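Asks: Going down the list, the sequences are from chains E and D.
Heads up: the first sequence runs through residues 1 to 454, numbered per my numbering.
Heads up: the second sequence runs through residues 1001 to 1460, numbered per my numbering.
It should be emphasised that the hints constitute simulated quantities derived from the structure, not laboratory data.
Here the structure is a predicted model, which means the values were calculated and not measured.
Take the hints with a grain of salt, since some may be wrong.
[What the hints assert, rightly or not] Label-pair restraints from in silico Cβ distances:
#1 N1126(D) x T309(E): 38 to 46 Å
#2 T192(E) x K1308(D): 24 to 32 Å
#3 K313(E) x N1126(D): 47 to 55 Å
#4 K328(E) x G1230(D): 40 to 48 Å
#5 L1305(D) x E79(E): 30 to 38 Å
[Stated by the list, open to error] Here are the simulated DSS-like cross-link-like pairs (lysine-lysine), alpha carbons at most 25 Å apart as the crow flies:
#6 K454(E) x K1111(D)
#7 K454(E) x K1143(D)
#8 K454(E) x K1372(D)
#9 K146(E) x K1324(D)
#10 K1036(D) x K1143(D)
#11 K1133(D) x K146(E)
#12 K97(E) x K1313(D)
#13 K328(E) x K1143(D)
#14 K1140(D) x K271(E)
#15 K66(E) x K1030(D)
#16 K97(E) x K1425(D)
#17 K228(E) x K1231(D)
#18 K1372(D) x K331(E)
#19 K1436(D) x K231(E)
#20 K188(E) x K1143(D)
#21 K188(E) x K1436(D)
#22 K231(E) x K1225(D)
#23 K1143(D) x K327(E)
#24 K1228(D) x K228(E)
#25 K424(E) x K1184(D)
#26 K97(E) x K1143(D)
#27 K1086(D) x K23(E)
#28 K1452(D) x K231(E)
#29 K454(E) x K1324(D)
#30 K1228(D) x K454(E)
#31 K1324(D) x K188(E)
#32 K97(E) x K1036(D)
#33 K328(E) x K1140(D)
#34 K188(E) x K1313(D)
#35 K1030(D) x K19(E)
#36 K331(E) x K1143(D)
#37 K188(E) x K1093(D)
#38 K188(E) x K1271(D)
#39 K228(E) x K1140(D)
#40 K94(E) x K1231(D)
We treat Cβ as the ideally placed atom computed from N, Cα and C, and that holds for glycine.
Each chain, letter by letter, is given below.
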Amino acid sequence: MVVLEKDLMLGLAENVIKKALKKGVNEAEAYVYESQATSVGVERGQISKTNTIIDRGLGVRVVINKAIGFAYTNIIEGEKAIENTVLGASSAAKASKPDQDWNGLPEKKAYVTAEKIYDRKILELRSEGLVDIASSMLDSAASVNKHVFPIEGGVGAAYLSSALANSNGVEGFDRGTIIECSLATVAKERNTVTPVCFEFNAGRECNVDPVWVGKEAARLAVSSLRTKRIKTETTKLILTQFALQGLLQYTLINAIKADNVQRRQSPFQGKINEKVASENVTIYDDGLLLSGLRTWTFDGEGTPHQKTTLVEKGILRNFLYDNYAAKKDGKESTGNASRAGYLSTPSIEATNFHIAPGNKTPDQLINEVDNGLIIYYLQGAHSSNPVSGEFSVVATPAWKISKGDIKHATRGVMLAGNIFEVLKNVTTTANNQRQMGQLVAPWILVENVRVIGK
Amino acid sequence: MEDILSNVNEVAVQKFGAEYSETRAQKLHKTMLTLKEGRVEAAKQGIENGIALRVLVEGAWGFASVGSVDNEVVMNAVSNACNMAKNASSRVKAPIKLAETRILKDNVQIKPKKRPSTILMEDKINTALSINKAVLGYDKRLKVCTVDYLDLTGTSYFANSEGTQIKQDKLYVWSRITATASSKGVFTFSREEIGSTEGYDVFDSAPEVIGEKVASRAIKQLVAKSPKGGKSQVVLGPNVLGVFVHEAFGHLAEADLALSGGVLQNRLGKKIGSDLVTFYDDGTIKGAFGSFKYDDEGVPTRKTLLIKDGVVKGLMHNRETAQKFNVEPTGNARAQNFRVEPIIRMRNTFMAPRDHSLEELMEDIHSGYYLKSFRGGQANLDGTFQVGIQEAYEIRNGEIGAPVRDVSISGSTLETLFKVDAVGKDFELWPGRCGKGQTAFVCDGGPHIRVKEVIVGGSA
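Given the sequences, and given the hints that come with them, work out the whole structure.
Replies: Below, the structure written as structure tokens:
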């Protein structure tokens, strides 16, 4: 795999800054991005496709009299393409309106290099290697039970790099790798099809475990073949990482973004140093987490990544800031400006949103539940009220726990409540932390959630 | 451009032994805006040019995407895609084959009244500002308003090794308006979207109208109460029905998901709903957000009958699934852009109207809910659906009553379609965006309908 070199990418970014300043803009920022991804796809029980994607581009942000313009291109060869992108950004800024709260692009700060995010072996994996990984995942799923049908999944390896420069002298280059294998399965028996059960394994280093992924996705599907109804009640839930990710992504993570607080669309407004969750809840945003899936040296506008304490034993301590929101509050950016590659301007996003694990094993957690449910997959979490935190979702499948044992699966159970109330009712956190998207968390046990049986 | 594409297909077939090869190219320009409380966050524009190619080698697909039209880069990608497909083919148990389709040559030009590229950025900003003003000026309890705007214009090219060559203009205009109201610790959230393939004309109707719609909903919800969880009789408005059709049935009628074990797999020709249930997926509606002339496999779009009077009549296909079902492809293969391969997607999906007025639908309901506007929805292969609602009311003794907050409905598709017991005579189509790994622009809709029983998710 031939990738763009550091010097070339940084050179391009610096060239853009020079060109933009020459055009008379007050400030300029250039972001150069490359991703190369190779994957092998599974569809309906077999390996049937391969993908390779090379995506490169440049995003330019300029400021003219406090008005901001942005332009991007995915063609980065040749002076003319660069010139046109700079012109595009500056004409957009001229058409735009001044923002009186604009207080300049970020200033230069020292970086702490993110560790364990790059593995040459991932770069060198060829399609033969990916086909082997996918095959062993499929074989291991098939070995569980003849009712298992893998519907889709695959193995993907990616290389990502970015270079950033701005007119305040900020300059950075970072690169990393990610490998992921995943499998979605159903189990089929006579006229019964189970809901989709999913597992995956992802990391920055080349050591995924496809056999575990295949087995676990199959085990969950098979165990949801036989279901029983449950009754409507207020009960205890063990939320696995799948469920937590769905519920928190659209609610808590939004509420803790400084721009939402400043815009008065967060229930956390004015609640710093107040209790917002049970004392069992401690949350960090850690952009430097060792081997984290969202770990990088700097954020989408060149601010160093850091570890920020957000909630400490239930007490709200800080918000997620980018440069703009931080300057508005007279604070320091927490390094949470995120970009969708070269296609967008930065916006506030969590890096590795880390809920601290506890001491109990998953089995001990289950043993603590006299009557309740363990929740994996949720339907409709994205339709939660993003501001108030109210949710009304379907858990399918979920598993009934009684007297400390997982008894049977159930389908189509609705859960309704408010995520901020749920956080106050966290009684225990387990020690089985894992990462899913931006969330790094263990299983958590909560009480007093309304469950509507079918 | 056409020459490059044909050349790629020739090389794939002649030099690398592909059974089939298709190449797509796009040259697109985008304009984007985000306004927060009237503050322009950034005026944005961009260019996305690239090539995607897909080859079938010994029964396995190879796909490659490059953001370049450089000959050497593209040739390298062809060789790579063919080799990778060959590697994968060693494990293929059921080799992929494609249904026959007509060989076509066409050049599709759109002639909009108002081409977005001819509208000044300043004017687009002013339109967004007037929407913002309509929202925030409606009531002082409205504190927050975000207006997003996107237009996308350009040309897409398609050529395959069978000789089909299509050049199509692309045009999408989209906007999303969200608002938050707060009072006494209660937060409400309201959203509307605008979407068209016709042109900037979609903004000709007064921006104030949509602004007020978003605003008044957020305000009404401030006094809404939590719904009672459990089974209930409901009336679905066209906006909620559309999402129900899309989520609860539409995804299951995508042939790839049906083949994956979805509940419609063995139900073609079978009755799965009441006599009142007739659904279509139609790519031919002029100006609708999900319309286009040819899909990304070069197949003409059409109006596809999915259910007639409760009986499953058809599924949505690409060429691969059409071959498996031995039917004609329906033109549902869509790719979001040159970075991804085409997959089966809906277009404009709706329920056909019947004969009831809204009053007639309501009059016999002693106690139930009127669900007017959706927030989101999701489906599962086993037929479990969920639709989250942003605007709902109680129905008491046949009349619309108090507003209800943050409700959602769920059920099993195969049970619920039999419970549709009255269908209205009105009709509305709503633009939306559907996620299935990729984003597709679609419309959903239909009339008002009455459903005997769904599960309502409520915390009370």
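Asks: Are the hints correct? Go through all of them and say.
Replies: Consistency of the hints with the structure:
1. N1126(D) x T309(E): 38 to 46 Å: Given a distance of about 44 Å, which is inside 38 to 46 Å, the answer is holds.
2. T192(E) x K1308(D): 24 to 32 Å: Given a distance of about 27 Å, which is inside 24 to 32 Å, the answer is holds.
3. K313(E) x N1126(D): 47 to 55 Å: holds, 50 Å
4. K328(E) x G1230(D): 40 to 48 Å: holds, 46 Å
5. L1305(D) x E79(E): 30 to 38 Å: violated, 55 Å
6. K454(E) x K1111(D): Judged against 25 Å, a Cα distance of about 52 Å means the pair is violated.
7. K454(E) x K1143(D): violated, 39 Å
8. K454(E) x K1372(D): Holds, because 24 Å separates the two Cα atoms, which is no more than 25 Å.
9. K146(E) x K1324(D): holds, 23 Å
10. K1036(D) x K1143(D): Measuring from Cα to Cα gives roughly 11 Å; hence the hint holds.
11. K1133(D) x K146(E): violated, 61 Å
12. K97(E) x K1313(D): With a Cα-Cα distance of about 54 Å, the restraint between K97(E) and K1313(D) is violated, given a limit of 25 Å.
13. K328(E) x K1143(D): Holds - the C-alpha atoms of K1143(D) and K328(E) are around 18 Å apart, at most 25 Å.
14. K1140(D) x K271(E): Roughly 23 Å separates the two Cα atoms, so the pair holds.
15. K66(E) x K1030(D): Holds. K66(E) to K1030(D) sits at ~23 Å (cutoff 25 Å).
16. K97(E) x K1425(D): Given pair K97(E), K1425(D) is violated - Cα atoms ~46 Å apart, limit 25 Å.
17. K228(E) x K1231(D): holds, 18 Å
18. K1372(D) x K331(E): Given that 25 Å is the threshold and the Cα spacing comes to 43 Å, the pair is violated.
19. K1436(D) x K231(E): Between K1436(D) and K231(E) the Cα gap is close to 33 Å, so the pair fails against 25 Å, i.e. violated.
20. K188(E) x K1143(D): violated, 51 Å
21. K188(E) x K1436(D): Cα-Cα ~23 Å, so holds.
22. K231(E) x K1225(D): holds, 24 Å
23. K1143(D) x K327(E): Between K1143(D) and K327(E) the Cα gap is close to 22 Å, so the pair holds against 25 Å.
24. K1228(D) x K228(E): holds, 23 Å
25. K424(E) x K1184(D): holds, 21 Å
26. K97(E) x K1143(D): holds, 21 Å
27. K1086(D) x K23(E): violated, 51 Å
28. K1452(D) x K231(E): holds, 21 Å
29. K454(E) x K1324(D): Violated: K454(E) and K1324(D) sit about 36 Å apart, past 25 Å.
30. K1228(D) x K454(E): It holds: about 14 Å lies between the C-alpha atoms, which stays within 25 Å.
31. K1324(D) x K188(E): holds, 20 Å
32. K97(E) x K1036(D): Distance of about 12 Å is within 25 Å: holds.
33. K328(E) x K1140(D): Status holds; Cα separation ~23 Å.
34. K188(E) x K1313(D): Satisfied, since the Cα-Cα distance of roughly 24 Å is no more than 25 Å.
35. K1030(D) x K19(E): At roughly 23 Å apart (the allowed maximum being 25 Å), K19(E) and K1030(D) satisfy the hint.
36. K331(E) x K1143(D): Holds. K331(E) to K1143(D) sits at ~24 Å (cutoff 25 Å).
37. K188(E) x K1093(D): holds, 20 Å
38. K188(E) x K1271(D): Roughly 22 Å separates the two Cα atoms, so the pair holds.
39. K228(E) x K1140(D): Violated, at about 50 Å.
40. K94(E) x K1231(D): The given pair, whose Cα atoms are some 56 Å apart, is violated under the 25 Å limit.
Comparing the model with each numbered hint stated earlier shows that hints 5, 6, 7, 11, 12, 16, 18, 19, 20, 27, 29, 39, 40 do not hold.
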